[in-house]
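*Asks:* Sequence:
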Amino acid sequence: MASSSFNDKHSALRFADVGALSKRMLAPIDGYEKAPLVSLEEAVKPLVNIVPKIERNVYVVQENCQNPED
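Position 18 of the sequence shown, counted from 1, bears residue number 18 in my numbering, the numbering being contiguous throughout.
Just so you know, not all the hints are guaranteed correct.
Derived Cβ-Cβ restraints for the label pairs, each shown as a range [said to hold, decoys possible]: (1) N64 / E42: 30 to 40 Å; (2) V51 / G31: 34 to 44 Å; (3) V38 / E63: 31 to 41 Å; (4) N67 / P36: 33 to 43 Å; (5) M25 / R56: 33 to 43 Å; (6) Y59 / R24: 16 to 26 Å; (7) Y59 / K23: 27 to 37 Å.
The hints are simulated quantities; they were obtained by calculation from the structure and are not laboratory data. Glycine included, every Cβ here is placed at the ideal spot set by N, Cα and C.
Required output: the full structure, derived from the provided sequences and hints.
*Replies:* Written out as structure tokens, the structure reads:
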């Protein structure tokens, strides 16, 4: 159970240190300019078996979205 406590503390620190992120400009990722735009649900389908609870997280994000179905 110690690792769970560590992960919780680490997550809290990660969300709290946003101001410490670098402000430098990064190069864009090449090769995506011609990729089709898809819904968030469609975009995360390849991650369902990799990222725990990703479908639930997508649902929560959509419920909290201020401009749904843009």
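*Asks:* Could you check the hint for me, namely that N64 and E42 are 30 to 40 Å apart, CB to CB?
*Replies:* violated, 19 Å
*Asks:* Assuming the hint says 31 to 41 Å, is it satisfied by the Cβ distance from V38 to E63 or not?
*Replies:* violated, 20 Å
*Asks:* Within 33 to 43 Å or not, the Cβ separation of M25 and R56?
*Replies:* holds, 34 Å
*Asks:* CB of N67 to CB of P36, is that within 33 to 43 Å?
*Replies:* Given range 33 to 43 Å: violated, Cβ gap about 21 Å.
*Asks:* Return holds or violated for the Cβ distance of Y59 and R24 against the range 16 to 26 Å.
*Replies:* Cβ of Y59 to Cβ of R24: about 34 Å, so the range 16 to 26 Å is violated.
*Asks:* Determine whether the Cβ-Cβ distance between V51 and G31 falls within the hinted range of 34 to 44 Å.
*Replies:* violated, 22 Å
*Asks:* Can you let me know if the beta-carbon spacing of Y59 and K23 is within 27 to 37 Å?
*Replies:* 33 Å Cβ-Cβ, so the 27 to 37 Å window holds.
The structure fails hints 1, 2, 3, 4, 6 (numbered hints given earlier, in ascending order).
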